[in-house]
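If you read the sequence shown in the working numbering, its first letter stands for residue 1, the second for the next number, and so on.
Please keep in mind that the hints were generated in silico from the structure rather than gathered at the bench. For glycine and all other residues, C-beta sits at the position ideal for the given N, C-alpha and C. Fair warning: there could be bad hints in the mix.
List time: in silico DSS-like cross-link candidates among lysine-lysine, alpha-carbon distance up to 30 Å [what the hints assert, rightly or not]: (1) Lys-289 with Lys-31; (2) Lys-187 with Lys-158; (3) Lys-2 with Lys-31; (4) Lys-31 with Lys-158; (5) Lys-2 with Lys-53; (6) Lys-245 with Lys-187; (7) Lys-187 with Lys-289; (8) Lys-31 with Lys-53.
Computed Cβ-Cβ distance ranges for the label pairs, DEER-style [said to hold, decoys possible]: (9) Glu-135 with Leu-267: 14 to 24 Å; (10) Pro-295 with His-51: 37 to 47 Å; (11) Asp-216 with Asp-258: 37 to 47 Å; (12) Gly-214 with Thr-7: 15 to 25 Å; (13) Pro-295 with Leu-267: 37 to 47 Å; (14) Glu-217 with Arg-18: 11 to 21 Å; (15) Ala-161 with Ile-259: 20 to 30 Å; (16) Glu-217 with Pro-19: 49 to 59 Å; (17) Arg-265 with Pro-25: 49 to 59 Å; (18) Gly-186 with Arg-65: 32 to 42 Å.
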Amino acid sequence: MKAMLLTRPGAALECVERPSPRPGPGEIRLKVLACAVCRTDLHVIDGELPHPKLPLVLGHEIVGRVLEVGEGMTRFRVGDRVGVPWLGGACGHCRYCRRGQENLCESAVFTGYTRDGGFAEETVADARFCFPIPERYGDAEATPLLCAGLIGWRTYAKAGANLERVGIYGFGAAAHLIAQVAIHQGKRIYAFTRPGDVAAQEFARRLGACWAGGSDEPPPEPLDAALIFAPVGELVPQALRATDKGGTVVCGGIHMSDIPSFPYRWLWEERTITSVANLTRADGEAFMKLAAEVPLHPAVTCYPLTAANEAIADLRAGRVNGAAVLIP
Numbered sequence: 001m002k003a004m005l006l007t008r009p010g011a012a013l014e015c016v017e018r019p020s021p022r023p024g025p026g027e028i029r030l031k032v033l034a035c036a037v038c039r040t041d042l043h044v045i046d047g048e049l050p051h052p053k054l055p056l057v058l059g060h061e062i063v064g065r066v067l068e069v070g071e072g073m074t075r076f077r078v079g080d081r082v083g084v085p086w087l088g089g090a091c092g093h094c095r096y097c098r099r100g101q102e103n104l105c106e107s108a109v110f111t112g113y114t115r116d117g118g119f120a121e122e123t124v125a126d127a128r129f130c131f132p133i134p135e136r137y138g139d140a141e142a143t144p145l146l147c148a149g150l151i152g153w154r155t156y157a158k159a160g161a162n163l164e165r166v167g168i169y170g171f172g173a174a175a176h177l178i179a180q181v182a183i184h185q186g187k188r189i190y191a192f193t194r195p196g197d198v199a200a201q202e203f204a205r206r207l208g209a210c211w212a213g214g215s216d217e218p219p220p221e222p223l224d225a226a227l228i229f230a231p232v233g234e235l236v237p238q239a240l241r242a243t244d245k246g247g248t249v250v251c252g253g254i255h256m257s258d259i260p261s262f263p264y265r266w267l268w269e270e271r272t273i274t275s276v277a278n279l280t281r282a283d284g285e286a287f288m289k290l291a292a293e294v295p296l297h298p299a300v301t302c303y304p305l306t307a308a309n310e311a312i313a314d315l316r317a318g319r320v321n322g323a324a325v326l327i328p
């Protein structure tokens with residue numbers, strides 16, 4: 001099979017031929033139909049996430065068709081279409097797993113980071129951590145559901161109840177999906193982009209945002225919650241200043257630059273700052289059920305597998321609205 005391989009942090013991906021992987025007990029071998037490129041992939045490439053498996057096949061937003069099942073695997077059959085997310089496995093018995101926080105498992109493995117992912121023609125995954133894909137979505141448009149959608153959903157859920165006005169900082173793949181969910185639920189969305197990024201602001205308005213502007217601008221009214229998807233620490237105090245009393249600022253990324261100091265009065269009046277780490281299978285099941293019911297419209301730009309470096313460069317430069325997707 002063909003695979004795009006990362007050999008060291010900072011290097012371009014190399015197109016190589018590798019033997020097809022074999023599924024172990026409880027695993028499935030998949031023909032990769034599509035795999036999205038995520039900002040987390042950029043953090044791995046740049047060495048901002050330490051100790052990746054090397055050499056490594058990146059990619060953790062995988063839609064594939066089951067080619068082969070491993071011993072004892074009964075959840076899926078050959079021919080099923082399934083999705084593979086970031087969380088690739090958890091131990092099931094540590095203190096975090098026992099209390100329903102497998103996303104914090106000390107022994108967790110991650111697709112496209114500590115185990116090979118989907119920038120390839122085939123991949124292997126633990127069937128317990130895969131999800132059926134709602135039939136209403138095509139292969140490419142389903143890929144961002146598996147990380148952007150899931151992380152967006154967990155981030156949105158941590159914002160709390162009684163939300164009317166929701167600010168979203170960094171209007172990329174996760175933001176454009178969870179904005180559609182929130183608007184469907186009757187929330188007012190305020191989209192914050194890079195200053196001067198008129199195209200992203202227009203994109204947010206087309207999706208139903210009631211206001212869109214630069215991240216250096218205040219919203220027209222205080223926010224009940226702010227969801228931050230851009231990996232920029234200086235946005236945290238800015239979002240706090242835009243958030244009303246009792247509001248929550250949720251940092252939805254796996255990596256962020258340092259947060260600068262700020263006056264305590266910006267946090268006072270029971271404002272909260274929290275973060276999101278990974279996802280759980282319960283998140284996946286809940287979000288896939290919602291995605292089957294709510295007509296989401298993922299925006300995707302498709303590239304051939306061998307153009308993975310071009311897709312990565314476009315994502316890094318902000319030239320992609322929605323998700324960049326590789327098609328083997």
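- Hints not upheld, ascending by number: 4, 9, 11, 12 and 14
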